[in-house]
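A.B. asks: Spelled out, the chains give:
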Amino acid sequence: MTERTRVKWLERIVRWVVGGLFVMAGVLKMRDPEAFAESIISYELVSLWLVNPVAIGLPAVEVVLGGMLVMRWRGRAAAFGLGVMTLVFTLAISQGLVRGLDMDCGCFGEADLLGKSPWTALIRDIVLLVALGWLWLRDYTNHKLEHVENL
Amino acid sequence: MKNTWKFIQEDILACWIAATVAVCSGLAWNSLRAEPLPLTYMPKEERMQAAVERLQIADVSGPEVPNVGENAVMEVPEYVSLEEFRVMAEGDDVVVLDARPEIFHRLGRVPGAVSLPREDFEATYPQVRELLANGRPLVIYCASASCEDSALLKSALVKLGHSGISIFKGGWAEWKQAGLPEEVSR
Numbered sequence: 001m002t003e004r005t006r007v008k009w010l011e012r013i014v015r016w017v018v019g020g021l022f023v024m025a026g027v028l029k030m031r032d033p034e035a036f037a038e039s040i041i042s043y044e045l046v047s048l049w050l051v052n053p054v055a056i057g058l059p060a061v062e063v064v065l066g067g068m069l070v071m072r073w074r075g076r077a078a079a080f081g082l083g084v085m086t087l088v089f090t091l092a093i094s095q096g097l098v099r100g101l102d103m104d105c106g107c108f109g110e111a112d113l114l115g116k117s118p119w120t121a122l123i124r125d126i127v128l129l130v131a132l133g134w135l136w137l138r139d140y141t142n143h144k145l146e147h148v149e150n151l
Numbered sequence: 001m002k003n004t005w006k007f008i009q010e011d012i013l014a015c016w017i018a019a020t021v022a023v024c025s026g027l028a029w030n031s032l033r034a035e036p037l038p039l040t041y042m043p044k045e046e047r048m049q050a051a052v053e054r055l056q057i058a059d060v061s062g063p064e065v066p067n068v069g070e071n072a073v074m075e076v077p078e079y080v081s082l083e084e085f086r087v088m089a090e091g092d093d094v095v096v097l098d099a100r101p102e103i104f105h106r107l108g109r110v111p112g113a114v115s116l117p118r119e120d121f122e123a124t125y126p127q128v129r130e131l132l133a134n135g136r137p138l139v140i141y142c143a144s145a146s147c148e149d150s151a152l153l154k155s156a157l158v159k160l161g162h163s164g165i166s167i168f169k170g171g172w173a174e175w176k177q178a179g180l181p182e183e184v185s186r
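Protein chains in written order, with the numbering used here: chain A, 1 to 151; chain B, 1 to 186.
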């Protein structure tokens, strides 16, 4: 297996894992939007009138963009969108930690199979951010090369 | 640099379209749920109070039962420890109530626990009322020591005339951490 094939496979696996995680997170939250609304409240960032619309809309966006990433349909855009979302989540958790808030991450619904601690969530988000950044850069470089070749 | 900005613009546009489709789908999905989440947020205490009032108006009291109203059961501690809860759960003298959402009850619960989710209280209460009112004390647990569902459920049940209610504060997290047996729905 050549170096290039190995990297291609790594990219595929990262895409499946990261996209799959977002789909799973979205589906779990869509099943229990009430619990997610309570999690949003615990961050003390969003006005009350926005809490329920965000609790309804955000999980669906995670599912759609996660699905796009897995299927590699507009994958670069999906990596970009999920990256921006993860950056916002990271900032939200960080401000909560600085302010000493008793936050409930709510990232994977009420069960939060991957840990409920805000520190776990922060580390997980940073790892996801790096992975999404790498995926976006890979797609960006490939598209740029194609663009140059077409000139 | 010009190309980079062009790519980012394309990505923003694609994300905007995908997000719009997703939000519309999310709203449609929510409206199809048995109990859609309203667009305006209401704190859980207020939601629970509203549910209790609707149940009182609907008068789901049914047949006369021992531990509701005047025929209340004996005094019980407000909170029970893991050890006390374990002994209670193993016997038949108390009714153990799981206040977590039904999906988590299915995934794993204290053996013999009855599901009475805080969030579906209004729909589930009439189905379990007779069981709760059979004269046995009630013990409620929810996800962990930080969840409020047990206390909210207890308060609602007291308002509906039940008594003899304890809370196992450690909840499912403490039970599971202690490696105690669990029951799963297949």
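Keep in mind that the hints were calculated from the coordinates and are not lab data. The structure presented is a predicted model; accordingly, all values stated were derived computationally and were not measured. Where is the CB? At the ideal position from N, CA and C, for every residue including glycine. It cannot be assumed that every hint is accurate.
[As the list claims (entries may be wrong)] Quick list of in silico lysine-lysine cross-link-like pairs, DSBU-like style, CA-CA up to 35 Å:
#1 K8(A) / K6(B)
#2 K159(B) / K6(B)
#3 K6(B) / K144(A)
#4 K154(B) / K176(B)
#5 K176(B) / K159(B)
[As the list claims (entries may be wrong)] What follows is a list of derived Cβ distance ranges for each label pair:
#6 S25(B) / G100(A): 43 to 49 Å
#7 V17(A) / Q177(B): 24 to 30 Å
#8 R99(A) / A145(B): 38 to 44 Å
#9 S31(B) / W16(A): 29 to 35 Å
#10 Q49(B) / L10(A): 49 to 55 Å
[To be verified] Some chain B residues well away from chain A (every beta-carbon gap over 10 Å; in silico):
#11 E53
#12 Y79
#13 E119
#14 E130
#15 G170
#16 E174
#17 R186
A.B. asks: A separate judgement is required for each hint: does it hold in the structure or not?
C.D. replies: Hints, verified against the model:
1. K8(A) / K6(B): The hint holds at about 25 Å.
2. K159(B) / K6(B): violated (62 Å)
3. K6(B) / K144(A): holds (11 Å)
4. K154(B) / K176(B): At roughly 22 Å apart (the allowed maximum being 35 Å), K176(B) and K154(B) satisfy the hint.
5. K176(B) / K159(B): At roughly 31 Å apart (the allowed maximum being 35 Å), K159(B) and K176(B) satisfy the hint.
6. S25(B) / G100(A): 43 to 49 Å: Taking Cβ atoms as reference, S25(B) and G100(A) lie about 37 Å apart, which means the hint is violated.
7. V17(A) / Q177(B): 24 to 30 Å: holds (28 Å)
8. R99(A) / A145(B): 38 to 44 Å: violated (22 Å)
9. S31(B) / W16(A): 29 to 35 Å: holds (32 Å)
10. Q49(B) / L10(A): 49 to 55 Å: holds (54 Å)
11. E53: holds (19 Å)
12. Y79: holds (20 Å)
13. E119: violated (5 Å)
14. E130: holds (27 Å)
15. G170: holds (15 Å)
16. E174: Answer for E174(B): holds, closest chain A Cβ roughly 14 Å.
17. R186: The claim stands: R186(B) keeps its Cβ more than 10 Å from every Cβ of chain A (closest is about 18 Å).
Against the hints set out earlier in the document, violations occur for numbers 2, 6, 8, 13.
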